[in-house]
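Enquirer: Dock chain one against chain two, each of which comes alone in its own frame, and use the hints as you go.
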Amino acid sequence: MAQPLLCVRGLVKHFPVKKGLLQRTVGQVHAVDGISFDIAEGETLGLVGESGCGKSTAGKTILKLIDPTAGEIRIRGERIDALTRREMRAYRRQLQVVFQDPYSSLNPRLKVRDIIGEPLVNYAVSTGRELDQRVTELAIKVGLSAEALDRFPHEFSGGQRQRIGIARALALHPSLIICDEPVSALDVSVQAQVINLLGDLQREFGLSYLFVAHDLAVVEHISHRIAVMYLGKIVEIADKQALFTRPQHPYTEALLSAVPVPDPEASRKRIILRGDVPSPVTPPPGCRFHTRCPYAFDRCSKEEPEMREVVRGHHVACHLREAQTGANETATLPA
Amino acid sequence: MTIAPTDVALPAAPRAQGRVWTYVRRHPTIAIGGTLLGLMVLMAIFAPYLGTVDPQALSPVRRLRWPSAQYWFGTDMLGRDVYSRTIYGARVSLTVGLSVALCSTVLGLAIGLVTGFSRAADAIVMRVMDGLMSIPGVLIAIALMALTRASMENVIFAITVAQVPRDTRLVRGVVLTLRELPFVEAALASGTGFFRILWRHILPNTLPPLLVQATFTAASAMIVEATLSFLGAGTPPNIPSWGNIMAEGRSLFQVAYYIVLFPGAFLSITVLAINLLGDGLRDALDPRLARRM
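Going down the list, the sequences are from chains A and B. Each residue of the first sequence is one higher than the one before, starting from 1 at the first, in our numbering. Each residue of the second sequence is one higher than the one before, starting from 1001 at the first, in our numbering.
These aren't lab readings, by the way, just hints derived from the structure by calculation. The structure presented is a predicted model; accordingly, all values stated were derived computationally and were not measured. This list has only true hints and no planted wrong ones.
Coverage of chain A stretches by chain B, computed from C-beta distances (three or more under 8 Å per stretch; other residues unrestricted): (1) 100 to 106; (2) 164 to 173.
Taking lysine to any residue and the SDA-like style, the derived pairs with C-alpha atoms no more than 20 Å apart in a straight line are: (3) 18/A <-> 1124/B; (4) 269/A <-> 253/A; (5) 141/A <-> 172/A; (6) 111/A <-> 1203/B; (7) 18/A <-> 1121/B.
We put the beta carbon where it would ideally sit given N, CA and C, even for glycine.
Here chain B stands alone, though its shape is the one from the complex (with noise of 0.2 Å):
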């Protein structure tokens, strides 16, 4: 039998270790987003080992002190070092970031793939999530904290019911699309059951933009801990956190603006990691750019 030529001769695939430098290169928004947030992450994590002191110990004899030598970020109306407070106002950012990106992303993806498949499902969650969605998100977070007791695990519970509509409309719109593609209509046509069509052809479709959705609800999510905080409504005054600690400084901003700059500088970076973090994702997984590769 006869058979006709293949139409290209195949590139060579590239090394891996090669692959890999390739792609920092490629994608330098990734590279500098992912480092940052990657020293904020350890900075977290090694807080008591930075030269911190504890971040709850009063000192009212050396408040209001001034940046210096001996306390970097200065000290504030209770004598606190902004610089402890500040290193350890990393974790709750970095906790109720991550844990709300996390958790919304896993329900918006349940939640979204059975809205995208039923239509019963679909006719009555979305209005639910259509009513959500018309509330501001920091509005809702902090109807919810009116509720309950202030606690980080409340600020991440409600935050993420705020943030949960946003997952769920886009893993929904995907699904949608995906199941009207050609492949899986091949995939139905070749006998594969639902659960394998699922997991095989809709699930690794839909991860990659939801990837780079979580990352914006993980910055959206710690802007919104830090106005809770700041309000007064999120993690309680005995924790540190950046919005608490802006919060406190807020009141003698004229006289000691040094208290609110610090918290408020590494917020704006560790946002800005994770945006360029995010835009970076968004280009690298675009599939229309990576054919172009």
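The following block holds chain A by itself, in its conformation from the complex (with noise of 0.2 Å):
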């Protein structure tokens, strides 16, 4: 296989908890600990996960706007987790984010054309009549009209402000756009523009992207791979196919369980977990799911199960997967 465009290492970001007067540290909140990942050219990776896995924060800190713990970042072979911010600069080209709140993630008080056309400026890429013109390229290339460019944001819905965030993603011509949940804010109907929209960009571009997302519909419909986070960890991450028609975490599969079908007739198992999630200041030993996994043994509150490979591109860290490693295509979950 060609050089991953990016490649995560054991990416880990803990953020510390203070305390009192002097604001000593009494512990960490374990946002990110420890995910590994690529993604190669042209390709979209899901990272879904409930809110508060740390899926934000993985991609904000591979964006380096907030810096690692630890852990090796790397796009097409280079590090950039160790870059400081001057030296970040260069690197910020390839890598272009696209935010979930389509209001704040604009400011105000600019215009259109300002916010598409700021990333330009930034590099110098293009000044006078060229900027203009390809800011007014851009703002057509997402479904903005030329008339658009001279307005405030908050003259926009919510689909059209998001379509003004992914035009400001696109300016420089960037390998990787990490999306940050880009539709959760939206309507259903302007959720299916949106996604279109950053596949048809895909195709043109040839873009890579991160979709972080906690709608598994969502994701299936835009990723050729999904990583599934749980409590700052990927417990399993594979072809959106073979995730989805057969998940070897047990986490996985209740996620799976809770996506709706449109189909009133159908009758399925729906896997209820019970009790909340565990705090992340003080993430449960062993198996991080263990307190809420249906099929937990004595193993799995001891003994952190290590990311494996099951089937061919398949990788899961669970207990119970351990002895099937080899070609089993057809294991299922015990009952």
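Expert: Below, the structure written as structure tokens:
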């Protein structure tokens, strides 16, 4: 396989918990606790998990908006995790972002023209009339009209604002766009439009996406591969098809059983997870999921399962799967 | 390549002239407050042409005359024309109010931006500000005036020192909120430098609340100035200010209440005008309300 576009190895981000007058550190929030994955050129990796599992933090850390605590981040083989802000600037052109909230992600006091043009001005890509032309092209590319450029963000709907955000991310011709729940704040009908737009742009420019979301249906549509995150760890990573048809991790199975099926007659087994997600300040020992796992046994609370490849291209971190290492395509979870 | 259609057709932009009028109708408090304040400023500027005489001219023969056609606001115990003194007094109040608002806003903005971005500076500077805030502004101003000579510049300086902590806290709070917002992170991700982020993204979003705060600072500075003058710790007695006039009329309140009444009424009206303006600006600049328009 060729060199991956993005390579993340053992990425860790802890936030200190401070208390008292002297701001002593009394603990660490284990937001992201050693995750590894690759994204190939032109590929979309979906990163799913429930709120607070660290998926957005992972995205921001890769963008270097926050500094990682440990681990490696490589863009086309070059490490960027230890770069200073100044050194990072050269790599930012390859790495852009689309945020969740279409309202707070656009400066209310700038015209759309200036919002979309800002990255171009920053890198002196184009100036004057060329800049105007480039910005207009970008706006049209994402489905906005040229008249929209002289308006302010508050004159647009959520879906249109998200298009402005996408145009800004596209401006520098990045290789990878990190989409941090780009559609979860939008109406369902508008979600589809934005997802389709992202798909079209991927085909046209050969973009890669890291698509962070909590909605499996959305991720299923756009992703090639999917990584499932729970409490700061990736528990399973596989091709979309494999993950949806043959989930290997009990948590993935539970997540999939919660996806609504558009058929009122369909009867199926819902797996209801008991209890709450444990605190990321004091994550449980052993497998992080053992406190809620219906199949948990002794070993789960003592020993942390390693990520292993159970089927080609299908990685899972679960003790139940250890025995089956090898090509057992029909593996199902014990009842 | 296929592109999904945009969600909604955009409404036509209103004409500029119509916009001004709509604005006034939508924000009557700005219009009323602005007009009243404008009149006060004009009055202060054109004081010599408003039928006034020398506000310092003594005329013991004509002392304590009641308001009449000749002396509109009457005369005080030294026979000085209260009308002229009140009109000229507007100069002191407005100068002090606006200067303090300007100085403390600029200082508050500068200190607030630094403390909002630097943790080390924040810890030290904000404790000093907390200390200043724990003492009533009037007391700080009196203490500072006691150390210096009575002059209008010193009054402005003393009241500014008392007001700066409030502006600083406001700016710091706004900056702390803004720097976490996605559009600032997006700017960072698209390679915008620190000072450019400050100039393009932080500053323009800090100004609206600060402008509102500035109006309230101006109003309260006028009251503090009048209080200082009233207590004899403010503007030197040879300059007529509303506080001075009231202080001098205080002992004669029972026989000639008009000496206190007129400057007091002018002070109230001016403070009211500024507060109306500030309230109106706050409503007009609130982004949540603006979005609904």
